[in-house]
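For the record, the sequence lines run as chains A and B. For the record, in the first sequence the residue sitting at position 48 is 48 according to our numbering, with numbers rising by one throughout. For the record, in the second sequence the residue sitting at position 102 is 102 according to our numbering, with numbers rising by one throughout.
Treat the hints as calculated values from the structure; they're not laboratory data. C-beta atoms are modelled at their ideal positions from N, C-alpha and C, and glycine is treated no differently. One or more hints might be untrue.
Unchecked claim - Below, simulated SDA-like cross-link-like pairs (lysine to any residue); rule was C-alpha separation at most 20 Å, straight line:
1) B:K9 x A:S28
2) A:K3 x B:R44
3) A:K52 x A:S28
4) B:K9 x B:E103
5) B:K9 x A:K3
Said to hold, decoys possible - Have a look at the derived ranges for each label pair, beta carbon to beta carbon:
6) A:R16 x B:G16: 48 to 56 Å
7) A:N53 x B:N65: 38 to 46 Å
8) B:T113 x A:M10: 44 to 52 Å
9) A:P7 x B:F10: 28 to 36 Å
10) B:K14 x A:H77: 46 to 54 Å
11) B:N1 x A:S9: 31 to 39 Å
12) B:N1 x A:N53: 23 to 31 Å
13) B:V60 x A:P7: 21 to 29 Å
14) B:A2 x A:E14: 30 to 38 Å
15) B:I54 x A:S28: 36 to 44 Å
16) B:G53 x A:E14: 43 to 51 Å
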Amino acid sequence: DAKTTQPTSMDCAEGRAANLPCNHSTISGNEYVYWYRQIHSQGPQYIIHGLKNNETNEMASLIITEDRKSSTLILPHATLRDTAVYYCIVRLSGSARQLTFGSGTQLTVLP
Amino acid sequence: NAGVTQTPKFQVLKTGQSMTLQCAQDMNHEYMSWYRQDPGMGLRLIHYSVGAGITDQGEVPNGYNVSRSTTEDFPLRLLSAAPSQTSVYFCASTNLLGQGSNEQYFGPGTRLTVT
Chain A
1 DAKTTQPTSM DCAEGRAANL PCNHSTISGN EYVYWYRQIH SQGPQYIIHG LKNNETNEMA
61 SLIITEDRKS STLILPHATL RDTAVYYCIV RLSGSARQLT FGSGTQLTVL P
Chain B
1 NAGVTQTPKF QVLKTGQSMT LQCAQDMNHE YMSWYRQDPG MGLRLIHYSV GAGITDQGEV
61 PNGYNVSRST TEDFPLRLLS AAPSQTSVYF CASTNLLGQG SNEQYFGPGT RLTVT
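The following block holds chain A by itself, in its conformation from the complex (with noise of 0.2 Å):
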């Protein structure tokens, strides 16, 4: 699976939008790109995931760029429970389900 890169950590003000980034260089042509948040303490909690097309469900819109080596997971709305470690992983379609974590980006929603 392609490594990814996302900073260690942003803030952002409640209500404003989250744009969170990620770079994945080396993703190949079947991998998709997902994401993830674990809030301090629980689980981590499946967000959204693509392939080449942006993507938007109820809790995020992703980004994809053309070439496909970055992309962006945008909380259009941040509120304080939106305060969590956001993981960007990329994964080959059809492998064994297991996800490799980095080390994320610690998003804190600021008051």
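Chain A is fixed; fit chain B onto it per the hints.
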């Protein structure tokens, strides 16, 4: 659905003691796995299973055993606990049907301290 459940939530062991961390899921997922998370670090895969009767090692399997006798249950056994096994343990499950989706569902974690 209860999702993924783990017991106990907290456990303190002495060096050399053995114990089993329980994990169960009620979503009929084929795939289950165990991760450990040390303070300030990401999750590391210990063992995983793609179905009943099938298990395999992950990134950090030493000191742990697993078995998968049913689809629902995937216990993790520590045969002789060591202080290095002090960590938070998460169990996860997902289905294996299709490609590219398959979000993983995580349990609430077991916080283990070995003295």
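A quick look at each hint next to the structure:
With a C-alpha separation of about 39 Å, the suggested pair B:K9 and A:S28 falls outside the 20 Å cut-off, and the hint is violated. This hinted pair checks out: A:K3 and B:R44 have alpha carbons roughly 15 Å apart, not beyond 20 Å. Proposed proximity of A:K52 and A:S28 is supported: the alpha carbons are some 11 Å apart, at most 20 Å. With a C-alpha separation of about 23 Å, the suggested pair B:K9 and B:E103 falls outside the 20 Å cut-off, and the hint is violated.
With a C-alpha separation of about 32 Å, the suggested pairing of B:K9 with A:K3 is violated against the 20 Å cut-off. For A:R16 paired with B:G16, a C-beta distance near 52 Å keeps the hint of 48 to 56 Å intact. Against the hinted window of 38 to 46 Å, the Cβ-Cβ separation of A:N53 and B:N65 comes to about 42 Å, which satisfies the hint. Between B:T113 and A:M10 the beta carbons are some 32 Å apart, a value that contradicts the proposed interval 44 to 52 Å.
In this structure the hint that A:P7 and B:F10 lie 28 to 36 Å apart at CB holds, the actual value being about 33 Å. A hinted range of 46 to 54 Å holds for the C-beta pair B:K14 and A:H77, which are about 49 Å apart. Taking 31 to 39 Å as the suggested C-beta distance range, the pair B:N1 and A:S9 conforms, at roughly 35 Å. In this structure, B:N1 and A:N53 meet the distance hint of 23 to 31 Å, their C-beta atoms being roughly 30 Å apart.
In this structure the supplied range 21 to 29 Å holds for B:V60 paired with A:P7, their Cβ-Cβ distance being about 26 Å. A C-beta distance of roughly 33 Å is found between B:A2 and A:E14, which places it inside the suggested range of 30 to 38 Å. At roughly 26 Å, the beta-carbon separation of B:I54 and A:S28 lies outside the given 36 to 44 Å, and the hint is violated. The supplied range of 43 to 51 Å is met by B:G53 and A:E14, whose beta-carbon atoms lie about 49 Å from each other.
Violated hints, in rising order: 1, 4, 5, 8 and 15; the structure is consistent with all others.
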